[in-house]
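Undergrad: Read off the chains here:
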Amino acid sequence: MLYVVIAYLWISILLYLLLAGADFGAGILELFSSKKSKRVTRKLMYRIMGPIWEANHMWLIISIVILFVGFPEIYTTVSVYLHIPLVLMLMGIIARGTAFSFRNYDAVKDQMQIIYSRIFVYASVMTPLFLGIIAGSIVSGKINSGADSFAGAFITDWLNWFPLSVGLFTVFICGFLASVYLINESDTEPERIQFLARTKNMNIGAFVSGALVFAAAGAENIPISQWLFGNQVSSTAIVSALLSLALFWFLMYKRRYGLLRILAAFQVTMIFIAVTYSHFPDILLFRNGKSISLYEAGDNHTIKALGWALLIGSIFILPAVFYLIYSFTERKIYPVYHEQE
Amino acid sequence: MNDFLAARSQMALSLGFHIIFSCIGMVMPFFMAVSHFYWLKTQNIVYRNITKAWSKGVAIFFATGAVSGTVLSFELGLLWPEFMKHAGPIFGMPFSLEGTAFFIEAIALGFFLYGWDRFNRWFHWFTGLVVGISGLASGILVVSANSWMNDPSGFDYVNGQYLNIDPIKAMFNPGWYQEALHMSLAAFAATGFAVAGVHAMMILRRKNINFHTRAFKIAVIFAAIAAILQPFSGDKSARYVGQRQPAKLAAMEALYYTGNSVPLIIGGIPDNKNKKVNYAIEIPGLLSFMVNRDFHSTVKGLDRILPEDQPPVAITHYAFQVMVGLGMLMMLIAFIYLSGVIFQKKWRNSKWVLRLFVFAIPTGFIAVEAGWTLTEVGRQPWILQGIMRTSEAVTPMPGIIYTFYLFTAVYISLAFAVIFLLYRQIKMVGKIYDIPENINLQKN
Numbered sequence: 258m259l260y261v262v263i264a265y266l267w268i269s270i271l272l273y274l275l276l277a278g279a280d281f282g283a284g285i286l287e288l289f290s291s292k293k294s295k296r297v298t299r300k301l302m303y304r305i306m307g308p309i310w311e312a313n314h315m316w317l318i319i320s321i322v323i324l325f326v327g328f329p330e331i332y333t334t335v336s337v338y339l340h341i342p343l344v345l346m347l348m349g350i351i352a353r354g355t356a357f358s359f360r361n362y363d364a365v366k367d368q369m370q371i372i373y374s375r376i377f378v379y380a381s382v383m384t385p386l387f388l389g390i391i392a393g394s395i396v397s398g399k400i401n402s403g404a405d406s407f408a409g410a411f412i413t414d415w416l417n418w419f420p421l422s423v424g425l426f427t428v429f430i431c432g433f434l435a436s437v438y439l440i441n442e443s444d445t446e447p448e449r450i451q452f453l454a455r456t457k458n459m460n461i462g463a464f465v466s467g468a469l470v471f472a473a474a475g476a477e478n479i480p481i482s483q484w485l486f487g488n489q490v491s492s493t494a495i496v497s498a499l500l501s502l503a504l505f506w507f508l509m510y511k512r513r514y515g516l517l518r519i520l521a522a523f524q525v526t527m528i529f530i531a532v533t534y535s536h537f538p539d540i541l542l543f544r545n546g547k548s549i550s551l552y553e554a555g556d557n558h559t560i561k562a563l564g565w566a567l568l569i570g571s572i573f574i575l576p577a578v579f580y581l582i583y584s585f586t587e588r589k590i591y592p593v594y595h596e597q598e
Numbered sequence: 026m027n028d029f030l031a032a033r034s035q036m037a038l039s040l041g042f043h044i045i046f047s048c049i050g051m052v053m054p055f056f057m058a059v060s061h062f063y064w065l066k067t068q069n070i071v072y073r074n075i076t077k078a079w080s081k082g083v084a085i086f087f088a089t090g091a092v093s094g095t096v097l098s099f100e101l102g103l104l105w106p107e108f109m110k111h112a113g114p115i116f117g118m119p120f121s122l123e124g125t126a127f128f129i130e131a132i133a134l135g136f137f138l139y140g141w142d143r144f145n146r147w148f149h150w151f152t153g154l155v156v157g158i159s160g161l162a163s164g165i166l167v168v169s170a171n172s173w174m175n176d177p178s179g180f181d182y183v184n185g186q187y188l189n190i191d192p193i194k195a196m197f198n199p200g201w202y203q204e205a206l207h208m209s210l211a212a213f214a215a216t217g218f219a220v221a222g223v224h225a226m227m228i229l230r231r232k233n234i235n236f237h238t239r240a241f242k243i244a245v246i247f248a249a250i251a252a253i254l255q256p257f258s259g260d261k262s263a264r265y266v267g268q269r270q271p272a273k274l275a276a277m278e279a280l281y282y283t284g285n286s287v288p289l290i291i292g293g294i295p296d297n298k299n300k301k302v303n304y305a306i307e308i309p310g311l312l313s314f315m316v317n318r319d320f321h322s323t324v325k326g327l328d329r330i331l332p333e334d335q336p337p338v339a340i341t342h343y344a345f346q347v348m349v350g351l352g353m354l355m356m357l358i359a360f361i362y363l364s365g366v367i368f369q370k371k372w373r374n375s376k377w378v379l380r381l382f383v384f385a386i387p388t389g390f391i392a393v394e395a396g397w398t399l400t401e402v403g404r405q406p407w408i409l410q411g412i413m414r415t416s417e418a419v420t421p422m423p424g425i426i427y428t429f430y431l432f433t434a435v436y437i438s439l440a441f442a443v444i445f446l447l448y449r450q451i452k453m454v455g456k457i458y459d460i461p462e463n464i465n466l467q468k469n
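Heads up: the sequence lines are chains Y and C, in that order.
Per my numbering, residue 258 is the first one in the first sequence, and the count goes up by one each step.
Per my numbering, residue 26 is the first one in the second sequence, and the count goes up by one each step.
Hint data in this document are derived by calculation from the structure and do not stem from the laboratory.
Honestly, I wouldn't trust all of these hints.
Said to hold, decoys possible - List of simulated lysine-lysine pairs, PhoX-like, C-alpha gap at most 25 Å: (1) Y:Lys-300 with C:Lys-77; (2) Y:Lys-366 with C:Lys-232; (3) C:Lys-77 with Y:Lys-366; (4) C:Lys-452 with C:Lys-77; (5) C:Lys-325 with C:Lys-261; (6) Y:Lys-300 with C:Lys-325; (7) C:Lys-194 with Y:Lys-561; (8) Y:Lys-300 with C:Lys-456; (9) C:Lys-452 with Y:Lys-366; (10) C:Lys-456 with Y:Lys-366; (11) Y:Lys-295 with Y:Lys-366; (12) Y:Lys-366 with C:Lys-81.
Using the sequences and the hints given, assemble the complete structure.
TA: Right under this line is the structure:
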């Protein structure tokens with residue numbers, strides 16, 4: 258049952274990265290677009306993301322619940338040493354979710370829209386940035402449980418080059434996912450070309466920030482090459498990601514959009530596999546070389562109950578969530594509805 | 026303010042904020058389901074307008090409730106890591122099921138909010154109902170986790186070790202049913218009174234009377250029934266607390282000395298130094314009766330509880346008084362209104378009845394906040410009754426005061442933003458919904 262729980266944790270984080278990532282990305286795209294294209298992004302976003310964004314963010318709740326029920330040691334250690342980035346990430350989550358809803362549901366559309374939008378776009382960058390920082394710090398081996406100063410225990414764990422570059426990389430990945438996703442949802446060719454151009458920019462951004470991650474790892478003495486190329490699974494995953502990236506650019510060049518989104522999801526999944534496999538099962542690394550393993554789970558009865566809860570829960574959740582996403586992307590079947598506002 | 030107090034304040038603030046949004050988020054969908062049902066059955070466009078107007082409010086409340094709930098799932102670890110390390114695996118069951126229920130709620134809400142005229146009408150109606158049912162289920166599950174903290178079960182505590190963990194038994198701890206019932210009724214009463222009051226206010230202002238009257242009637246029925254049932258559930262809860270958490274009961278009633286034929290005191294100012302309560306109204310023997318169903322029985326006072334294990338008396342007592350007082354008031358208003366309905370009296374729609382409801386807008390939520398204060402402060406100094414002290418659970422990170430300030434600022438601004446948005450929603454009802462009210466041509 259432990260493996261079932263670990264599998265659910267892994268899938269929940271991956272789905273959060275893919276689905277909520279695309280959602281964050283829509284906000285990131287809004288930040289980097291001109292006034293005119295902003296309107297296009299926003300319009301598409303409400304139609305596509307509006308119905309599903311809250312469900313997408315539930316994957317974070319599921320991951321957190323799995324962590325604190327099944328792996329309390331990891332949950333509490335992260336909570337103590339990465340308190341500050343977690344609080345900043347939470348601020349991003351609060352600001353983003355509320356600003357998005359407020360913007361959509363404010364009965365009067367006036368100057369306040371500008372304020373909501375500004376909060377929304379900055380929070381859309383801030384949240385994945387800190388998510389990346391937290392993920393980077395957990396595996397970086399900089400968590401200092403033996404520190405004797407405030408900075409040593411609660412700041413330098415996450416404020417160093419490696420987590421920062423992972424954060425930046427995450428931001429670009431999210432923007433990349435969103436722009437790819439929106440290419441196919443656009444109604445007109447000019448819109449599609451616009452999102453195609455942004456996909457290219459975001460992809461280049463992700464590539465450059467990915468290189469930065471390697472440079473930062475070098476500077477901080479983190480054996481990233483060994484993680485990614487030291488075992489067969491990770492190196493195969495990285496090579497597949499690179500090969501599919503070449504195919505991706507070829508298809509973009511040919512303007513064949515159908516497969517792009519699958520390839521983008523595939524690349525992110527491969528990167529995620531490469532990173533997580535090389536660390537399994539030691540997820541949380543300390544500065545003194547110790548680590549906390551996923552095998553050091555909580556109580557056995559609890560893992561069993563949690564496993565069953567997840568299995569039964571997913572019978573209800575998975576079909577519903579896929580039907581939700583399907584219903585609101587297959588727009589051609591249904592008449593478009595205009596609200597009288 | 027030291028870090029420990031800051032952590033407690035931050036937790037209290039976050040819960041106190043979240044509870045309002047979750048109450049509304051779990052009750053409003055039922056109101057919507059009723060008016061949506063009337064719309065589908067009668068094709069009276071007013072009901073569609075009511076459903077839509079409410080659903081916009083719900084979307085705002087749900088988003089705020091969802092993010093504040095996400096924050097809470099992190100705050101448990103951020104503020105109380107030592108507690109979560111041990112408690113997580115024991116009381117995690119309701120949380121993992123709650124995650125599922127919450128997820129279903131979010132999915133159903135997506136269907137409901139964006140599904141007008143896209144799906145089969147009854148499927149669409151059903152998704153709205155699912156929002157309510159799964160919301161109510163998550164509320165019950167979270168309360169079950171809280172009642173486990175009040176009355177831990179499902180494990181053996183031996184020499185500081187948590188052994189023989191049974192997460193299912195922990196979830197169905199002895200208190201879960203009373204507390205969940207009490208909280209669910211409270212959510213219905215509080216939301217019902219607030220919604221009915223707002224619509225009553227608009228009727229008094231003679232704005233969109235048809236719209237607001239029908240909305241008022243739906244909300245008030247839920248509110249009145251819940252308010253009348255609540256005291257019975259409260260009595261059950263009080264008995265239960267008397268048996269399982271005598272310290273909390275003693276603090277609630279500011280009972281400094283154990284005795285027989287103990288009176289129930291109403292109001293009063295507890296004087297901790299001289300261990301007596303000034304200016305209270307006493308009803309002889311009633312507390313003994315409430316706890317043991319015997320007017321002459323013994324009730325444990327604070328003198329039987331070690332000083333270091335006593336909760337703060339004044340706050341707990343005042344919170345209890347406020348909760349019960351407002352509960353009684355709501356029950357009274359509910360009786361007046363329901364008798365008007367049952368005996369078909371004309372006065373039930375008169376101005377003074379509507380004014381009563383306007384006056385009662387905040388009562389339910391004040392009572393909810395008081396009730397949470399009572400159950401949480403009344404459990405102190407324990408985070409896990411009798412097993413772990415709150416001070417042992419707090420995070421080692423210093424400077425919590427600053428995150429407390431940060432969260433306070435954020436939550437206050439959010440509260441203002443939500444009030445501002447609601448004000449705008451209500452103000453715009455005339456503009457958005459009034460025109461088609463009399464036209465009734467538009468089908469579906």
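Undergrad: Does each hint fit the structure? Answer for all of them.
TA: Evaluation of the provided hints:
no.: 1; hint: Y:Lys-300 with C:Lys-77; in the structure: holds (21 Å)
no.: 2; hint: Y:Lys-366 with C:Lys-232; in the structure: holds (22 Å)
no.: 3; hint: C:Lys-77 with Y:Lys-366; in the structure: holds (18 Å)
no.: 4; hint: C:Lys-452 with C:Lys-77; in the structure: holds (15 Å)
no.: 5; hint: C:Lys-325 with C:Lys-261; in the structure: holds (18 Å)
no.: 6; hint: Y:Lys-300 with C:Lys-325; in the structure: violated (64 Å)
no.: 7; hint: C:Lys-194 with Y:Lys-561; in the structure: holds (14 Å)
no.: 8; hint: Y:Lys-300 with C:Lys-456; in the structure: holds (23 Å)
no.: 9; hint: C:Lys-452 with Y:Lys-366; in the structure: holds (13 Å)
no.: 10; hint: C:Lys-456 with Y:Lys-366; in the structure: holds (13 Å)
no.: 11; hint: Y:Lys-295 with Y:Lys-366; in the structure: holds (16 Å)
no.: 12; hint: Y:Lys-366 with C:Lys-81; in the structure: holds (14 Å)
This entry does not satisfy hint 6, going by the numbered hints stated previously; all others are met.
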